[in-house]
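Novice: As a plain string of letters, each chain reads:
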Amino acid sequence: MIETALKALFILLYATFVGFMFMGIIRIVTARIHRRVGPPIYQPILDTIKLLSKKSNITHGLIYDFGILYAVGATILAVMFIPLGSIGVLRAYGDLILITFLLEIPMLGIMFAAMSSGNPYAGIGAQRALLTLLAIQVPLGFAIVALAEFYGTFSTYEIVMAQQTMGWSIFHFPLLLAAIAYDLVLQAMFGKEPFDIMIAPGEISLGPMVEFGGKHMGLLQIQHAIALFAETLFFANIFLGGGVVTAFSSSILNTIAGLAVLLVKQVAVLLIATFMGAIFPRFTIDQAAKFYWKWPTIIAALGAVLASL
Amino acid sequence: MKMESVKIAPEEKVRKKPSFLKPWMSLKYLFKKPVTIKIPYEETQIAEKYRGFHTLNWKTCIGCNMCGQICPARAIEMTWIEGEKRPHPKIDYGRCTFCQFCVDVCPTNALGHVEHYILTTEWKDEELELFDWVPLPEEMVRKFSDYRHPLAKIEKYEDGRVKYVLRDGSEFEFKILGYGLKPPAAAKPKPAAKSAEKKEEPNPGEKKE
Amino acid sequence: MVTQEELIREARENGMELLPLEKDTYELFFGPQHMATENYSLILKMDGHRVVKAIANPGFLHRGFEKLAEYRPWHTNIALLLRICVPEPDVPEAIYSMAVDELMGWEVPERAQWIRTTVLEMARVSAYLFWMMGLSFKLGVYTAGQWAAAYRERFMALFEELTGARVYHIYTIPGGVRRDIPGDKWLRQLRDTVEYIKDKLKDFDNLVFENYITYRRLEGIGVMDKKFALNEGVTGPNLRATGVPYDVRRADPYLLYPELDFEVPVLKEGDALARALVRRFEFEQDLYILEQLLDMGPPSGPYKVDHPSLKALPRFRVPAGDAFAHVEATKGDFGAYVVSDGGNKPYRVQIRGPSIAHGIRVIEQLLVGARLADVPVILMSLDNCPPDIDR
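Protein chains in written order, with this note's numbering: chain L, 1 to 309; chain V, 310 to 518; chain R, 519 to 909.
Don't read these hints as lab results, they were simulated from the structure.
Since we're looking at a predicted model, the values are computed, not measured.
Idealized CB from N, CA, C, for every residue including glycine.
Check each hint, because a few of them may be wrong.
As the list claims (entries may be wrong) - Once the Cα atoms are required to be at most 20 Å apart in a straight line, the calculated EDC-like pairs of lysine to aspartate or glutamate come out as: (1) K316/V to E781/R; (2) K786/R to E320/V; (3) K326/V to D721/R; (4) K358/V to D702/R; (5) K337/V to E728/R; (6) K325/V to D717/R; (7) K347/V to E671/R; (8) K720/R to E320/V; (9) K316/V to D779/R; (10) K786/R to E321/V; (11) K322/V to D717/R; (12) K326/V to E737/R; (13) K358/V to E678/R; (14) K322/V to E737/R; (15) K822/R to D413/V; (16) K326/V to D789/R; (17) K325/V to E802/R; (18) K322/V to E787/R.
As the list claims (entries may be wrong) - Some chain R residues judged to face chain V by a derived CB distance under 7 Å, without partners named: (19) A683; (20) V784; (21) P832.
Okay, chain L solo, but in the shape it has when bound (with noise of 0.2 Å):
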């Protein structure tokens, strides 16, 4: 009992600390491609705790305040679910579509708060990125699909065993074609260009987050920490082998061991979305619809089809 309570706040403190050093990665690599010198790795753990000591916030009623927890809620359960190394709390019940659905909540409930807050922008925010989210179902419903034919269950524990002898995801035909629908899908999960249309600071300030200010702000930068962190984790794990290491005699130097082999599968896949965003602008929301039901159904759906046969 007290073991997994132990368990569980490691995992968490782990995710927090891991994730802010992500969105420092992805702060200095975008200015070295601006030329620019950057700020250090650890700017956003500096930005939340100056969000999180503000005096005054103002609020707009209960569900102002509920959104912001529901969306850091969601995410911390869905970091319990995706096997960690051989660290695990919840790992035996994660199947892919429950930790999809709740990679997904966290932005219900950002647009619970924004759409409260009354500023027309926060509105067209909200709007703009309840159809991204519509939008990017169609692919990563087949993705899914694809991936639970292949193996036949649906269990992520069982699918990170099953590459252990198998070899990696991608190296097989059908599953390449959904890594690549999924990794196109990842662009709009992470808010980066060129689907960050409900972000777009150019144009609607900053969509649902013009409201936000101070601890409401600080909670949010911890929640895109700990998604940037699960939603690499659980890419590296379905498609890129996971991180079960077991060359060693000692199981405390497998974990370390297999903690530093996913740490670099999630790195490589935070390079890769962080290029695509830095050099391509981005697309109005009718065109990014009619994209992502164009192109990634379509290698997705192949995917699905050729993984049955």
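Assemble the complex: chain L is given as a structure, and chains V and R must be docked to it using the hints.
Specialist: Frame of chain L, contents of chains V and R only:
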């Protein structure tokens, strides 16, 4: 209006073709040195004749008020100082645009400029006095080579005496008798410089005796 | 219960204009505190995310330049009037000085003409880099914007060596220029900078002008046709993108332009993509013009006119009359009309900014039916500069 022959560019030179792969070439800057410099630790180069603060040669200034007439922002006010025969200009940096027309127009080349430009304050009342000063001679200003204002403090006393405390500790003191073009009641009225414009708003702080 | 019609009628009797609320549309203030509009404001009536009606709301940058210029001597108006166009401050200096030169009737020496032409061309190149920064930030590809801002720094350093200040130069005066070129070293630095920027044009092409998503964003947006543009008084690259080959440097030549050789781009579609491509081509041509000027070299001689009345500048008088001078800026046709009554201050100065034609009426027509995401892109593709609407 004469029409020259217009050479129109052919359309193939103007249009371009879109592609998905070319933007990836711009990732090469990830491995090059950044263009920006870290300012508090490194320094930028300021040009030699940058338009900055003023210097005044008290011996050659004849108090003709040419600089006051040409200033676009009305930042110059003539000040009568005890011991000097003619008034000297007092410049207000809250209004100055640093155009240096006053330097160009001075007939005896008494007003000059250096390339120092940094004057930052913290909104304390005694620091805001630094914006309003009679420029000092050039050798006193050039001693400081880190581009900051030469004065540290201006102290004003009740009987009109003003003390400039420079940043290296030396002091410069003089007494102000009055402002404006007409001399204070002691001297007889000399014809002031011909000014054809109308000074509609009264200069703040003008004391006519 | 008071109905909407009664309220509107009552307000109109008292001199106010009230806009009625309708059932299916909402109103959005694309206001002055926005990252995309540069101190300009639009009131948009929207249906979903399409604009139904747009009303321009200028006036936030009115500083009263034309009235203030009547109370200052002739030369000091340079320090005042150049704040009318912020990205390209050399253009109002040049047009005012050219108009006063025409009134005085003296001949500006050749070295001063060469320096004035070089300064105008350098200002054009920096203003195009500024425009590229604005377009990139509104499209979403921040990389090209940061590069353009960094390359503009080199021009600011060159201006600092030549004139003494980075942005507001206060350099061109009636009768010539204020200071001489600081030696051959400056000419070599200018040539190195021009070579450097020519190398970097390929990077901008790769990232912005040959990017597939940029084409999807800019194609078919904000279409103007030739008749509409000529009726409304649109000038500059916006007019050249609709098919009219009008460039002031060729139609009414000034300074050294008759001796320089460059091409004028003309496209037919009149949408935002055509305007962007026309500006990209002119950017390259301006670098070519700077190279030709450097090859010609500055002629020797004085750099300003030596007239007896210039000894005491506050008493400098201009004979009575009126004059007009105009110049091709990156935004369009920039002109100044100066009236003198023989005194030492101008009687009237009127500045015609290019954005007054395409910032108010043209925007209201082009925005009907556009998506909300296209509004900043259309504003930037017209290169709207609010300070010269309000003056």
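Novice: Does each hint hold? Answer for all of them.
Specialist: Here is how each hint holds up against the structure:
no., hint, result
1, K316/V to E781/R, "5 Å, holds"
2, K786/R to E320/V, "10 Å, holds"
3, K326/V to D721/R, "15 Å, holds"
4, K358/V to D702/R, "16 Å, holds"
5, K337/V to E728/R, "17 Å, holds"
6, K325/V to D717/R, "18 Å, holds"
7, K347/V to E671/R, "15 Å, holds"
8, K720/R to E320/V, "19 Å, holds"
9, K316/V to D779/R, "9 Å, holds"
10, K786/R to E321/V, "13 Å, holds"
11, K322/V to D717/R, "17 Å, holds"
12, K326/V to E737/R, "13 Å, holds"
13, K358/V to E678/R, "8 Å, holds"
14, K322/V to E737/R, "19 Å, holds"
15, K822/R to D413/V, "13 Å, holds"
16, K326/V to D789/R, "17 Å, holds"
17, K325/V to E802/R, "14 Å, holds"
18, K322/V to E787/R, "16 Å, holds"
19, A683, "5 Å, holds"
20, V784, "5 Å, holds"
21, P832, "4 Å, holds"
No hint from the list above goes unmet by this structure.
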